[in-house]
Each structure stands twice: as C-alpha cells, then as structure tokens.
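**Student:** Please model the complete structure; the sequences and the hints are all you need to start from.
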Amino acid sequence: MKITANDIAIILDGKIVGNPDKAVSSPSGIEDASEDQITFLGNPKYEKYLVETNAGIIIVPSSITLNNQIKSTLILVEDVYLALAKLFQAFEGGQSMEPGISEKSNLEPGVLISNKAKIDAYVTVEEGAVIGDGVHIKSNVHIGKHVIIGEGSIIHSGARIMDRTEIGRNCIINPNAVIGSEGFGYAFDPKGYYVKIPHMGKVILQDNVEIGSNSTIDRGSMGNTLIMKGVKIDNLVHIAHNVTIGEHTAIAAQTGIAGSTKIGKYCRFGGQTGIVGHLNIADRTEVQAQSGIASSVKEEGSKLFGYPAINYMNYVKSFTVFKKLPELLKKIHRLEKLVDKLQSAKGE
Amino acid sequence: MKITANDIAIILDGKIVGNPDKAVSSPSGIEDASEDQITFLGNPKYEKYLVETNAGIIIVPSSITLNNQIKSTLILVEDVYLALAKLFQAFEGGQSMEPGISEKSNLEPGVLISNKAKIDAYVTVEEGAVIGDGVHIKSNVHIGKHVIIGEGSIIHSGARIMDRTEIGRNCIINPNAVIGSEGFGYAFDPKGYYVKIPHMGKVILQDNVEIGSNSTIDRGSMGNTLIMKGVKIDNLVHIAHNVTIGEHTAIAAQTGIAGSTKIGKYCRFGGQTGIVGHLNIADRTEVQAQSGIASSVKEEGSKLFGYPAINYMNYVKSFTVFKKLPELLKKIHRLEKLVDKLQSAKGE
Amino acid sequence: MKITANDIAIILDGKIVGNPDKAVSSPSGIEDASEDQITFLGNPKYEKYLVETNAGIIIVPSSITLNNQIKSTLILVEDVYLALAKLFQAFEGGQSMEPGISEKSNLEPGVLISNKAKIDAYVTVEEGAVIGDGVHIKSNVHIGKHVIIGEGSIIHSGARIMDRTEIGRNCIINPNAVIGSEGFGYAFDPKGYYVKIPHMGKVILQDNVEIGSNSTIDRGSMGNTLIMKGVKIDNLVHIAHNVTIGEHTAIAAQTGIAGSTKIGKYCRFGGQTGIVGHLNIADRTEVQAQSGIASSVKEEGSKLFGYPAINYMNYVKSFTVFKKLPELLKKIHRLEKLVDKLQSAKGE
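If you read the protein sequences in the order shown, they are chains A, L and D. Just so we're aligned: the first sequence equals residues 180 to 527 in our numbering. Just so we're aligned: the second sequence equals residues 180 to 527 in our numbering. Just so we're aligned: the third sequence equals residues 180 to 527 in our numbering.
No lab work stands behind these hints, which were simulated from the structure alone. Don't take each hint at face value.
Identical copies look the same in the list; a pair holds intra-copy or inter-copy alike.
[What the hints assert, rightly or not] Below, simulated BS3-like cross-link-like pairs (lysine-lysine); rule was C-alpha separation at most 30 angstroms, straight line:
1. K181 x K324
2. K375 x K444
3. K482 x K525
4. K444 x K477
5. K496 x K482
6. K482 x K509
7. K265 x K181
8. K265 x K250
9. K525 x K510
10. K250 x K283
11. K441 x K265
12. K181 x K503
On a predicted model such as this, the values are computed, not experimentally measured, just so you know.
**Tutor:** Structure (structure tokens):
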C-alpha cells in the first residue's frame, strides 16, 4: 500500500511543502528512512537530519524554519506526536482480529466468553470469569476467578490477571504484567515472626488504562486498588495495595507507589520515582525522575524534585550550592580566621 | 455465611462496644463498607470515617477515644493488623485444595510429586524435581531440574523456579517471580569482551518465605544464595548472586541487593533501597525508602537514610540545611564583604 | 568425574602450590567447600577463609601472599574470574542439547525452525518467525510474528519476544524478560486524554547479548531500539523505545534508560541508575549505583555519581560537607554574631 503526501495532509489537517503526489509505503526513523518511507521530526535535536535523511515525506512542526536543502516533502502540523497517533490509527484501522478460542486453551466451567473475543494458546480462564466483545487474550495468560474484562481490551502474553480483578474497556495489559496479586501486608506477631494479612479487596481498572510490561498492581487488603480512566503506566512500575490513581495520570517506568496513597488526576511522574504510603497527591502534580515523595502534596500543579522531593526550583537552587560546598567550607574557615584576628586585635 | 460481633470478639480476644448480635457477611474498606460488612481502622488518618462509615462492625485499636456519634458496633483489640490476620485465617481455614495433576501439564520422567499436591495447566516439571504434600503449582509455572518444593508452598502462575532451587515449607512465590536464574557475573577478557562466569550454586529459601510478583533472585556462582526463614520480599525486588538474608527480614518493593552482601535478621528495608555488594548489614537495621547503602552496617538496630545512606537523624538534619543553602550562600557573601570592610578599616 | 590440580592448571595456564595430584569432583563456595571440591578466592575480604576452608583446591590470584597454614592445594592465576569462566566452559563443553520440537508447542503456519533447534512445551511461535541452529526455546515462551533468532541463542522460560524483534547469535534471554513491547509514547489530545502513538519500529539485539530476568526492552516508535554486540544487561532493567546501547556496555540491575538516549561502548552502569531521554553518553562512561543522569556526557571515560549525577570525586567531596551542614550552619550564625559585634564596636 502506498499513500501520497496529499492523502496524509488531509488526514492530519496539515500543510504540504514539496510534492503532494510523493507516495510512501511504510514508516521509519529519521536516520534510517529510505525514499519510499515517511518519518517525522519530533525533537529539535534531530533537525540536522532534515537535510541528511532520504525519507520521502517528513511530518514536521509548523513552527519549523524551512531550509532549501531539504529534499523530502514536508507536511507541517501543529502537534507532531498527535498527528502521528492519528496517522497510525488510520493505518491500523484496516486490521481486524479473527475471534475464536484456541483448542490449546484451558477454560474452567462457569466462564462467560463473548463469541467476538479471541483466546490464544496456553491461556487458563478460571471459574466465574467474564470476557467481553473484541477482547484478545494472548498466549500463556492466566485469568483468575471472577475476573471481568471489558470490551476491546488486550491482554498480552504472560500477563497474570488475579482473582476478582475488574478491567474496563479498551485497556492494554502488556506482557508479564501482574494485576491483582496480594499486597505486602503483614502483622508482626510478638512471638517474633510476620503473619500474613490476607487481601480480600480487588484491583479495578477503569476504561482506556494501559499497564506496562512486568508492572505489578496489588489488590487491596479490605478495600480496593483503583486505577481510574485514561491512566497510563509504564514498565516495571509497582502500585501497592489500596492505592487510588486519578484519571489521565501518567507514570513512567520503575516508579513505585506505596500502600493507600491517593494520586490526583492529570499528574505526571518521571521514571524511578518513589511515593510513600498514606499520602494525598494533588491533581496535576509533576514529579521529576527518581524523586522521593515523603509527604502529601496539597497544591494543584506542584512541580517537585529531589530526594526527599521539594519544590522543583528550590531543589535546583540548593543543588547548585551543593556542588560548591567544598569551596564554601573553605570560605567559612577563612572567615573564622579573619574574624578571630579582628577580635583579638580589638581586644589588644 | 454471617458471623456475629460476639463470635468475632471471641476469635480476636476483643472487647465489644455496641451490639454483640450484630452480624456481617463480608469484609470491605472503611470508606465503602455497607451495613452487613466488617471493616477496620488501621491508621489514625482515617478516624473521621469512624462516624461516616456504614459498616456494621469495625475492628479498632483499644487505645481509641470513643465517640457517641459512631453507629457501628466496635470490637476493640490491642493490635488491629494482627487481629485481622487471625480473623482472615479463621475465614479461610474452611477452604481446602483438591489435589491432582492437570492432564495439560508436562512432567518429565524422574520427578517425584506428592499425591497431595496440585499441578495446574501448562506447568512443566523437569527431571529430578521433588514436590511435597499440599503444594499448589499454578498455571504456566516452570519447575527446573532437581528443584525441591516443601510442604504447603504455593507457586503462583508464571513463576520460574530454575534448576536446583530449594524452597522450604509454607512459602509463597508470587506470579512471574524468577528464582534461581544465573547471576550477573562476567570476567572481562583483555581481548575486549565479557566472558560469562557460569553459576553452579543454587538458591535456598527456608520455611515461611514469601517472594513478591516479578521479583528476581539469582543463584550463586560457586556458593549459594540464601533466604532464611520468615523473610518477606515485596514485588520487583532484585536479590543478586550469593546474597544471604537473615531470618524475618522484610524488604519492600523495587529494592535491589548486590552480590555477596549479608543482611542480618529482623531488618526492614523501605522501597527502592539499593545495597552495594560484599557488605555486612547488622541485625534489626532499618532503612528509609530509596536509600543507597554503600558501606557495612556494624551496629544493631541502626536507622539509615539518604543517598548515600547515613544515620537517619543526621541525614534529616543535613537535609534541613540543604534546603536553606541558597540563603546560606548569601549570608556567607555578606559576611565576606563585612569582614573585608572591617579589615580595611583596621588597616587604615 | 574427578579432575586433578594438574589438569586444571594446564587449562588455566596456572601455577600449582601444593599437591598436583589432588583431585576434586565439583565446585563450591569458599565457606562451604569440602575436601573433594574446588573453590576460589575472588575478593580479598574472604582471605581469612584460605586457612579455614576445607576445599581440596583453591584458585587464587598470583599476587597473593602465601601462608603456611593453608592446607588446600592452590592454583595461582593472573585473573581469577577469567580463569573461572574458562574452567566452567571446559566443564560444560561436554553437555549437548538434544534438538526437537515438543508436541505440546504451538507453531503457526509459515514459521521456519532449524532442525537443530529445540522447542519446549507451551511455546507459541507466530507466523513468519525464523529460528536458527542450536537455538533452545524453553517452556512457556512467546515468539511473535516475524521474529528472527540467531544461532545458539537461548530463550529462557516465560520470555516474551514480541513481533519483529531480531536477536543475534549466542544471545541469552533470561526468564520472563520482555523484548519488543510497545514503548511508552502518547500524544496528549487537547480534549483531555492521551492518545497512543503506535510503535512501528523493532528491537534489534546483536550477537552475544544477555538480557536479565524480568527486564523490559521496548521497541521504537518509528525507528529501532538497538542493543549492540556483547552488551550485558542485568535483571529488572528498563530500556525505553529508540535507545541505542553501544558494544560491550554492562548495565546492572534495576537501571532505567529513557527514550532515544544513545549510550556509548564499554560503559558501566551501577544498579538502579536512571538516565533521562534524548542524551548522548560517551564511551567508557562509568556511573555509580542509583545515580540520575540528567545531561549528556561528552568526555570519554567520565566517572559520575549523584542525584543528579556530577563528576564522581566532586560529588564525594560535596557530600562530605553535606554531612557537616548542621555544624556549618552554627559556624555561620556564630560568625554573624561576632561580625555584628565587631561592627557595632567600630561604630561606637
């Protein structure tokens, strides 16, 4: 399949600079693209490739400074990444899933599976599970007792959806993610050992949630763990028991959120962030990667950084001085000597 | 099944405030509980819910200040979490596992499986493995060669128990955990590349150990990796080759322990802690989340915090000043000017 | 099988101190070894065990100070770890894999599998995949569409090799690793939600790459994620979309590398390191565990430490003063008082 610059410009509501009949057959990165491929410029750091690339078409931000040496046809759009998302959806819309249940799967009695769903090989679905229209459960997945999976959701290979988990519509669970295992909760018996607190709650994922590969979301002890609609969670993230995450919050890889913390909506967490338990984090909070949040965040739109995390700019300013600390120490020693001299001079 | 406040008070050795005949049928979180449910108050932050909740029964700490407006029946206990653990064990004691081996499993010749064990679908058990009474191996698990699994242990879906691993009694291995893969050990060949050091050791888990979802425990190179009895490990934790972890130590999510380190007993590590290799960590050491331990800890009961980790209170005090560093810098500059002036005045 | 000190010395090009006819049958750690076992001294911290151990043979560095009380036979070598790697390869060279495809696997039409490869139970291989000579694919693995796996590579149990991933020769993919899942890329639609950017790129692993258990490597959005030859990646590491990692770089556990960053060759990253996106990291850069790299590294061989990371020695020096900050604050307050007094004295 070939698609012309003109067709793409119509899909993206973009402006063409170059040959509107230029046709491309596949996408590629700006460094590697060949003449019949389309690429994009998403980051100004890569601007030099605009001249070097062999790509037939490049999607670029409309703010770009044009350059006579660019041999590719350009399509100018306001938001390159949003344009890309739409373009790929147009490309992929043609694909359709063939429903059906693999003979090599293992369905327990008392499960309810839509005839528009697809179950691949070596999948186990335990009693009481309900699987909606258009759901695709890929190889080696475990679906526990009384799990509910809403329309159009995809459960990738090796994911473990534990008992009573509820997954909304159009969710994506990436490979080897574990949703709904028991939380890390123990009581310490005075006899000298930990006693496990069973976890009777469940995990609820609302619609349009995505969970990254190898991430883990624990179920609540008595209440539930709740991931609200539109939340996007990256790989290797840990969400502990009884956490609530508000709508459209995005959490980058390897972040960990301890038990019972409530995160607001439209927050953004950089990778490897840690958040202690029993906190409330206000809406639209933005946290720099690797930060450690140790107290609740009350002000909407706070920007945080550091270990432990404080206001972003304050951390940056303090760290600037931190780098000068050895020099500062010398200054203080010099001042001490001078002041001592001045004092003894005065005393003379 | 309904259970009365009176019955619960007997199980928990608690004191009833309210209606001893009040009956409940299931547990729930304090925010969501309905009249026929039981909940608990585990954290003083939630005290306002004591009045707001619709729960029929609430388990509360005996230290609580009673309040006339609470409509629920209360059961006062000394340790709420320990009471919960006992209560749930009483509830779950009724459940029993039906032993048996799924026709959809794959047992190699020369394995020894108790007829009181249960093996689910798509499990592989390789030669020489020994599986004890009451063990439940869930779907898609891999049991390697010569693995030993003690009585009553549960291996959750997708866990990988690699060759020669020994698991004690009543252990719980959560979904997709990997126990006994080769450690990260290479020799650098002067020709310019790494050569793998094979790992001939194994992983030994003693009794009552729990390993979290997607955690990884590597086997030793020549000696063993040893996790002693009662140790509790959360999700996404990494334990490197030849590490020893002492009895009843608890390790929160995403912590990493580098090779050959020896951790004492009754230690507690907050989430995302890192510990470098070849250290000795004294018994009962407590480490704040995200800390980075770079040297051995000799004193029992040490409390550590920071990156790199130092004494907890010292880090807190230093960080308090860190936040004022820009202000301190100004003070020093002001002092320098004043002292210079005083000096030149003196010189006049 | 028994092997003598003499035979081992020949394999390792080492020098014997003791009985050249001393024979051992298996390896063990220096603390646990018995008389018919071989062990090694890899770390000077363990030197006291040289006298205490019962090991028949110990491989030691040639730089060691000899001691009359050592009862074991010693083999002196220049590099103990390199010697071990060679020794184990000699031991393991005898083992050979029996090729064949398990009847309990699921091969889609249009796959190409060498008759010298081995496919274990509950493996799915999707259409268009190509699997080379000597490849061993262990239980419960998922091989996606058009995946290519080069000669001699081992894919351990539960690994997920997603569509179009290319794996070179003699690679090792450890259990439950996920290679080639979609990256964490979304465009924010002004209507108030994230739209997924599909990932059309792939992951390419060159020869002799090892990926740790439960690690995740995402495929590129338009271009590829590239892991060059000889790279060694530990457990629970996250490599985001479009990252490039140069030859023979080693990355310790739980490290995360954000999107589009390019890492040079022969770099070494300590555990739990974080690297932000769109950076360039020079060859032979060495990074201390838990560091957070927030800007590009231009100088080859840089040594970095800290959060955010700066020059290693500078961080150490600043942190030394950080620990004294409360004391410094007192000094400054004292100086302020003294200077104020001096000033008012002058004004009198």
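**Student:** Evaluate each hint against the coordinates.
**Tutor:** Evaluation of the provided hints:
{"no.": "1", "hint": "K181 x K324", "result": "between (47 angstroms within a copy, 22 angstroms between copies)"}
{"no.": "2", "hint": "K375 x K444", "result": "between (32 angstroms within a copy, 18 angstroms between copies)"}
{"no.": "3", "hint": "K482 x K525", "result": "neither (50 angstroms within a copy, 47 angstroms between copies)"}
{"no.": "4", "hint": "K444 x K477", "result": "within (13 angstroms within a copy, 38 angstroms between copies)"}
{"no.": "5", "hint": "K496 x K482", "result": "both (14 angstroms within a copy, 24 angstroms between copies)"}
{"no.": "6", "hint": "K482 x K509", "result": "between (34 angstroms within a copy, 25 angstroms between copies)"}
{"no.": "7", "hint": "K265 x K181", "result": "within (17 angstroms within a copy, 54 angstroms between copies)"}
{"no.": "8", "hint": "K265 x K250", "result": "within (25 angstroms within a copy, 54 angstroms between copies)"}
{"no.": "9", "hint": "K525 x K510", "result": "both (22 angstroms within a copy, 20 angstroms between copies)"}
{"no.": "10", "hint": "K250 x K283", "result": "neither (53 angstroms within a copy, 54 angstroms between copies)"}
{"no.": "11", "hint": "K441 x K265", "result": "between (32 angstroms within a copy, 28 angstroms between copies)"}
{"no.": "12", "hint": "K181 x K503", "result": "neither (59 angstroms within a copy, 61 angstroms between copies)"}
In the structure shown, a violation is registered for the earlier hints numbered 3, 10 and 12, in ascending order.
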